[in-house]
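K.L.:
Sequence:
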Amino acid sequence: MKKISIIKVKDIEISISTENNADYISLTDMVKSQEGEDHIRNWMRNRNTLEFLGTWEMLHNPTFKGVEFDTFLHEAGANRFNMTPRKWIDATDAVGLISKAGRNGGTYAHKDIAFEFGSWLSPVFKLYLITEYQRLKENENNPMLGEWNVKRILSKVNYTLHTDAVRDFVIPKIDVQREKAYAYADEADMLNLALWGCTAKQWRDANPLHAKNGLNIRDTASINELVVLANMESFNAELLKRDMDKSSRYDCLQEMATRQLIRLNTLDAEKGFRKLEGKIKSPKK
11 MKKISIIKVK DIEISISTEN NADYISLTDM VKSQEGEDHI RNWMRNRNTL
61 EFLGTWEMLH NPTFKGVEFD TFLHEAGANR FNMTPRKWID ATDAVGLISK
111 AGRNGGTYAH KDIAFEFGSW LSPVFKLYLI TEYQRLKENE NNPMLGEWNV
161 KRILSKVNYT LHTDAVRDFV IPKIDVQREK AYAYADEADM LNLALWGCTA
211 KQWRDANPLH AKNGLNIRDT ASINELVVLA NMESFNAELL KRDMDKSSRY
261 DCLQEMATRQ LIRLNTLDAE KGFRKLEGKI KSPKK
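Going by the numbering used here, the final residue of the sequence shown carries number 295, and the count climbs one at a time with no gaps.
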């Protein structure tokens, strides 16, 4: 599975895998809060489910084995009849279901099939699932609108100016080549300290689960914080050009961060971004 996205449906995190330009939703995740029997297996024992799966395959899969499907359909309904995703895939060469082991493993279904499974679980759950899936697709089709992407763009908007200033005004003062990397880290962490009161390492140590998932302090920041961070990066670049010592720059940056955050929080800038996201529609193809 080449790409994994996550949506949250009624407090349940559900993985979506993109395979050959098609989205497959994790049925395993959809039932992980359900107790009791094997819901996927029970769903697949149902004759109506087999008819739906077989029809979907005949519409989308030219190598689907119809003879084996007819055999299963004939047996469906008997007490002894049993069906699993792996059995269905192996016997019929089905492509609508994917069964995978290991990390991000489990049973995935093409979105058409996953929505049908959602109806079987709960019509209300299906509506929530479709809503969150559509929200994900809208954000992917409009990368400037997704909150995460807005936050990352804001944090990077002035970063080139900042790193150029470090290269031009700090690194030349360092004689040892191997210390150049530390110069960049020191400047970045000075911004972290001025805005959040901790270094990147201190944040990782305090947030091991986020760090394990590849997140850093800036990934988890609010939009308001990242607006301020972008301003701080640009301002720090100018202070570096003036050859201001680090202690003085820190005092200026900390005062700037405090003042701007108070103002932005009063204005509720994040609410404005949410309104923008609701107004701009996906471009027609």
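One thing to keep in mind: the hints can contain errors.
Claimed, not checked - Under the rule of at most 30 Å between Cα atoms (straight-line distance), these lysine-lysine pairs were calculated in the DSS-like manner: (1) K97 - K121; (2) K20 - K211; (3) K18 - K211; (4) K211 - K251; (5) K121 - K75.
Keep in mind that the hints were calculated from the coordinates and are not lab data. Treat the numbers as computed from the prediction; the structure is a model and nothing was measured.
K.L.:
The structure should be examined with respect to each hint, and the outcome stated for every one.
P.N.:
Comparing the hints with the structure gives:
Pair hint K97 plus K121 holds up; C-alpha atoms about 20 Å apart against a cutoff of 30 Å. Only pairs whose Cα atoms come within 30 Å are accepted, and K20 paired with K211 is rejected, the gap being roughly 33 Å. For the hint linking K18 to K211, the alpha-carbon distance of about 29 Å falls within 30 Å, and the restraint holds. Of the pairs offered as hints, the one joining K211 and K251 holds, with about 27 Å between alpha carbons and a cut-off of 30 Å not exceeded.
Restraint check for K121 and K75: the C-alpha separation of about 21 Å stays at or below 30 Å, so the hint holds.
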